[in-house]
Amino acid sequence: MQDPFRLQLVALLPQLRRFALALSGNPDTADDLVQTGCIRALASSQQWQPGTRMDSWMYRILQNLWIDQRRSRATAAVDESLDDIDAIADEADFEHTMHAQMSLQQVLQAMQKLPDAQRSLLALVSVEGLSYKEAAEVLDIPLGTVMSRLCRARTALKLHLQETPA
Amino acid sequence: MNHPESSTPFTPEQLMAYADGELPAGEAARIREAAQHDAALAQRIAGFTHTGRALSASFAGKLAEPVPEHLLALLAAPAEQNPRVQPLRPAKKPLVLDVGRWWPTALAAGIALAIGLSINLPRGTATEAGGVLLAGLPADAAGVSKLLDTTPSGEPATLQVAQQEYELLPTASYRSADGQWCREFTASDITRGGETYALACREEGRWAVQLATAASHVGALQDEGYFPAGVEPAGSARQVLDSAAERAAIAAGWR
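Chains A and B, in that order, give the protein sequences.
So for the first sequence, the working numbering puts the first residue at 1; every next one is plus one.
So for the second sequence, the working numbering puts the first residue at 1; every next one is plus one.
Where hints are given, some of them may not hold.
Claimed, not checked - Pairs of lysine to any residue, SDA-like flavour, derived with a Cα cap of 20 Å:
id, chain 1, residue 1, chain 2, residue 2
1, B, Lys146, B, Asp189
2, A, Lys113, A, Thr29
3, B, Lys146, B, Arg206
4, B, Lys62, A, Lys133
5, B, Lys146, B, Gln180
6, B, Lys62, A, Gln8
7, A, Lys133, B, Ser56
8, B, Lys62, A, Ala11
9, A, Lys113, B, Ser56
Stated by the list, open to error - Here are a few chain B residues that face chain A, going by a calculated C-beta distance under 7 Å:
id, residue
10, Leu23
11, Gly52
12, Ser58
13, Leu71
14, Leu75
15, Pro156
16, Val240
17, Glu246
FYI, nobody ran anything at the bench for these hints, they're computed from the structure.
Built from N, CA and C at the ideal position, the CB exists for glycine as well.
Use the sequences and the hints to build the structure in full.
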């Protein structure tokens, strides 16, 4: 019999790689992050409770590892004042831009301009498809914070994508 | 709750939640109704719908990508269920080990004993100068052993050697079969990049690095008979410390 823990983890790998890419913006960094995350998960597999969602558990592990790495490397070159962006861009223009085939590379670049906290949330909700409540649990933040932070993230992302040459 | 600058009584958060299908039915119905008579409102909702869709669509292709071998190997089933990872193979030829992979025979045997297997491994060589490098960091650099003394698993610690900054991240601690404390950790060169995965065991009051490999090759360690913590074969007696037990070991100075 195969170890069900490992089997589940293997099945999650494509998703975890996608999430890690959304966080880091770089495929190689993303795979390193997934690898470290898997090692961590295997080492602490007793902490995972069967019957609970392994994806949420793994998102949390990856998210924490990523934040640790960012902090220790002090590469947070992003201006946190972006968090306060309140501007509402012209929707008609935006719709037009979005239809002009947004490449993954453009989206990754735009996401990298966001503060870490906004990017993580965006990755969980808009890339991974978690509900607001699930994302709140992974990040251990109140639902109200999810709403306001995600709203700022989406508004800022929209502006960054409009700046990006198509 | 009105948004002060909006012509409509809805906050951007509400509109986003509506676009994401996160609002309760009643509230959603009010917005749907209002948007039918308010083009500007409909546009604002569309803006959120589009950011959501753009993100999920851009990343969709990533799911179809094949997963790299080394990730699969890392999660491969324990040896007895997986003939590809067979620790009892005889050594075919001496391995030519680069600076990133180093493994003295005696220690390899010790590790094998620690996890209850007998293996036969060829001797590895370190760098010409005789020192092992962890992502460029000399394994015997002052500070490595000290950090391993005090840093709990999962908490990165930084150290500076010759103007270069490195990060050590302990990942697991356990006692080998002969009672020696061992810790697995990663070492990264913060300035220049590069990550090494390493095992150090307690010898004569300090941590001595026993093996090291590029972090991207952790999965290959299994082929050579060492099973990183968490991937040991079924029936292994190795017990990785939980964080409370590890704290106790740190407090006791790993005695």
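Tested hints:
1. B:Lys146 <-> B:Asp189: 18 Å, holds
2. A:Lys113 <-> A:Thr29: Given that 20 Å is the threshold and the Cα spacing comes to 17 Å, the pair holds.
3. B:Lys146 <-> B:Arg206: This hinted pair holds, its Cα atoms lying about 8 Å apart.
4. B:Lys62 <-> A:Lys133: Violated. Lys62 (chain B) to Lys133 (chain A) sits at ~25 Å, over the 20 Å cutoff.
5. B:Lys146 <-> B:Gln180: Distance of about 17 Å is within 20 Å: holds.
6. B:Lys62 <-> A:Gln8: 19 Å, holds
7. A:Lys133 <-> B:Ser56: 18 Å, holds
8. B:Lys62 <-> A:Ala11: 14 Å, holds
9. A:Lys113 <-> B:Ser56: Given that 20 Å is the threshold and the Cα spacing comes to 18 Å, the pair holds.
10. Leu23: For Leu23 (chain B), the interface hint is violated, since the closest Cβ of chain A sits about 10 Å away, which is over 7 Å.
11. Gly52: 5 Å, holds
12. Ser58: This interface hint holds because 4 Å falls under the 7 Å limit.
13. Leu71: 6 Å, holds
14. Leu75: With Cβ-Cβ at 5 Å, under 7 Å, it holds.
15. Pro156: With Cβ-Cβ at 4 Å, under 7 Å, it holds.
16. Val240: Since chain A brings a Cβ to about 6 Å from Val240 (chain B), closer than 7 Å, the hint holds.
17. Glu246: With a minimum Cβ separation of about 11 Å from chain A (threshold 7 Å), the hint on Glu246 (chain B) is violated.
Violated hints, in rising order: 4, 10, 17; the structure is consistent with all others.
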